[in-house]
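Chemist: Letter by letter, the chains look like this.
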Amino acid sequence: MKEVIFTVNAEIDVPVELDSLLPKNLQDMGIEEIKKIQLPQGNKKISVDELCDVVVNENDDGDATLKVIINGSSMKLKRIGEKMDGGEIIVNGDAGMYVGAEMKSGKITVNGNAECWVGQNLKGGEIVINGNAKDYVGSAYRGDWRGMNGGKITINGNVGTEIGEYMKKGLIVINGNCKIMPGVHQNGGIIMLNGEVEGRAGGEMLKGAIVINGPLKSKLPSFEYEGIVEDPLIKLTKKDEGTQIKGAYYKYIGDFVNNKPKGQLYLSVEHNDPVY
Amino acid sequence: MEYIIKNGTVYDPTNKVDGEKMDICVKDGRIVESVSNNATVLDANNKIVMPGGVDSHSHIAGAKVNTGRTLRPEDSKKDIWNREGLRKGSGFSVPSTYKTGYQYSGMGYTTVIEAAMPPLIARHTHEEFIDLPQIDKAAMPLFGNNWMVLEYLKAGDLNMCAAYVAWLLKATRGFAIKIVNPGGTEAWGWGKNVHGLDDEIPYFGITPRDIVRGLAQVNEMLGLPHSIHVHPNNLGHPGNWETTLETMECVKDIKAKPKFGKRDTVYYNTHLQFHSYGGTSWKDCVSKGVEMAEYVNKNDHLMVDIGQITLDETTTMTADGPMEYDLHMTNGLKWANCDVELETGSGVVPFIYSPKGPVYSLQWAIGLDLFLHANSDKVILTTDHPNAGPFIRYPRVIAWLISEEYRKDWIENRVHKWAAQKSHITDTDREYTMYEIAKITRANTSKVLGLSDDRGHLGLGARADIAIYDIDPEEKNGKKIEKAFLEASYAFKDGEIVVKDGNVVKEVFGNTIYVDAKINEELEAELMKDLTVRFKKYYSVNIENYPVQEAYANQWEPINIDATEIK
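Just so you know, the protein sequences line up as chains A and B, in that order.
Letter by letter, the first sequence follows residues 1 to 276 of this note's numbering.
Letter by letter, the second sequence follows residues 277 to 843 of this note's numbering.
Simulated from the structure, these hints should not be mistaken for laboratory data.
A virtual CB, placed ideally from N, CA and C, is assigned to each residue, including glycine.
Check before you lean on any hint, since a few could be wrong.
[Stated by the list, open to error] Away from chain A, derived, C-beta distances all over 10 Å, residues of chain B:
{"hint": "1", "residue": "Asp-299"}
{"hint": "2", "residue": "Asn-313"}
{"hint": "3", "residue": "Leu-347"}
{"hint": "4", "residue": "Thr-541"}
{"hint": "5", "residue": "Lys-610"}
{"hint": "6", "residue": "Pro-671"}
{"hint": "7", "residue": "Asp-703"}
{"hint": "8", "residue": "Arg-706"}
{"hint": "9", "residue": "Thr-808"}
{"hint": "10", "residue": "Tyr-815"}
{"hint": "11", "residue": "Asn-821"}
{"hint": "12", "residue": "Asn-836"}
{"hint": "13", "residue": "Lys-843"}
[Unchecked claim] Reference excerpt, derived from the structure (chain A facing chain B, CB under 7 Å, subset only):
{"hint": "14", "residue": "Tyr-141"}
{"hint": "15", "residue": "Arg-142"}
{"hint": "16", "residue": "Gly-143"}
{"hint": "17", "residue": "Asp-231"}
Model the full assembly from the supplied sequences, consistent with the hints where possible.
Modeler: Written as structure tokens, this is what we have:
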């Protein structure tokens, strides 16, 4: 197993983009080579050794995974793990915008907060943010109608608005609170919201499911009430084996601003008033 | 600066040079007989030399192109242009202005015509032209749904119509008469469309036939360098080949009388691929490419460009508003639509021509049917950029035409079986020669545009717009052909090397070509009286604020025409 540890030691003002520090890219590099990697910083470039100390640990335990650890990270470090394809990244500190954007496989853990666009257009792999995240978690790139297409994002803190926009596949779990419009234009996949949700869940959704285990402050009127369901098995397609969730839920279908929508919205009976 | 390009294999169809080894001398921006000993020598041995490419139909600037960019940030992200020393740019199907110029230049193109300019938004088109480096450009204003044109034609007043066309070309610094879905876009303002050539246009009561014929006559009365440039009715609908044939046929009796240039045609049918569909629905749709090609071969009054589908994800944009609405209803993707006061309309819709899709594969085959069965003197290579595919796919289209083997590979392994089943693409083993490629990308285009005096050829006195490609004339490897034509070994613009090994090495800003047709003073006075009233009554701008001013180009290149005999 190879471990590359970056410890940020520079005071930076203009954000630096770290999308070239992917485990796969660093696999065959020596420490000197890593130190010379040029990272975009605004309209200039900065080399890795100007930004941080680098330590490489290697042992022959037969494990081929490469682990990248970024210590002392801040919101000024953007695009961590963008387009990552395998390996693991651990961020100790905050992560800037686009952490794990377009990631294909592997795992990213952020032991801190994250800026906007966590896992934008995620294709696979797993992202865990142990703090809060801002807007557009697991959303599509601006203008695109083909959003997150697989993988799993877990945010243990709170999130902002428009998470899972145009989501097609995969799972987003939010353990904290959520602002407006989770699952806007959702087209598949599951969003689990375990905290309080401000409102407009599933606006213009066509397919997929949103499960709200906390209170939803205001529900869109364009969802149709289906009844109370106990321990529902969420099936998103005919071939889908289903995802089992536990508890009693008010089930709605929507969003009826679209033609023939199949979006499922589950509101926990425990935390919500019966509104239909 | 003097250059001598030595030992290149030259293809110059205008001067009947077919693969001869010869030297080309360049001095002061022109091609000359000889140069002094100080000339820089360029060894073009084992390379082919052609005139700079001329594209007669592309959408590179103006309102709808910009709407396409705004509508599709995701397209912008798809292709980022970032080369040392050059302006950054982005966009795959609707690239930004600088990127457009650089990429055309990289392919050895030197003149490109923007095929649809809403007259009211001419200033915006020219503003983008200012920021479009490397190429000479011109724009064709839209006339086919213009209220003034429709009313003059309704009244049967061809003279006033001609005066108006001349005035508008000058006011908008336009180049030729563009007609898009004649009458249909105006009908779209009423929530309708016209399909056949003899359908009545709401309110005006005339028909598409009247518009096409009327404007064709006006075009020849004025003696404009280019003929009418037509996108007929019914674009993209199965069974539309009959409408297209009728439209082509309806101007057959009109004679070409250009006062500038050497064209002998009175009609130009653009993106013919979109107009060559048989059958009654997409289920029974078949290629009518061969039939259309036969018509084109037999008749002398017209030229066509193809609008070859390249099977990419792209952005469609046209002044044919109702057609774009249909397209949006078909694919359900986002769309933008616009009405340009009294003049025209437009729509923009992203589109994915997937090679796995039966209909898209058939459309691809129809384009190739046209290419492979038509006389190479009568067709022009376009993709109707970006409607059927982005212009950076021209090299791929060239590869499909030159190499049967490459084409077969696509038919057998890449596209849906409908391509072979419903077209005649596999009936022919025709392969284009380099000479023919030079025709369909240079000689034919410059002639049909009326620009062949000094463009599109390498004769003495011509502009030194030259493209050199590093390829063996007998090469049949599709990938190699594509690479060679995508990255020109050298490109000259006005006698200067602007591209080397596919990279832009010098930034130049070309001319904006427009037509300045002088009309009789009395007729003009009468026209202005009429227009002043209309502007006051209908337009949101004053007539004084309408014309494009002198400052709106890096350098104007007027084509002066005397049409004062029209009274």
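Chemist: Check each numbered hint against the structure and report the violated ones by number, ascending.
Modeler: 3, 5 and 17
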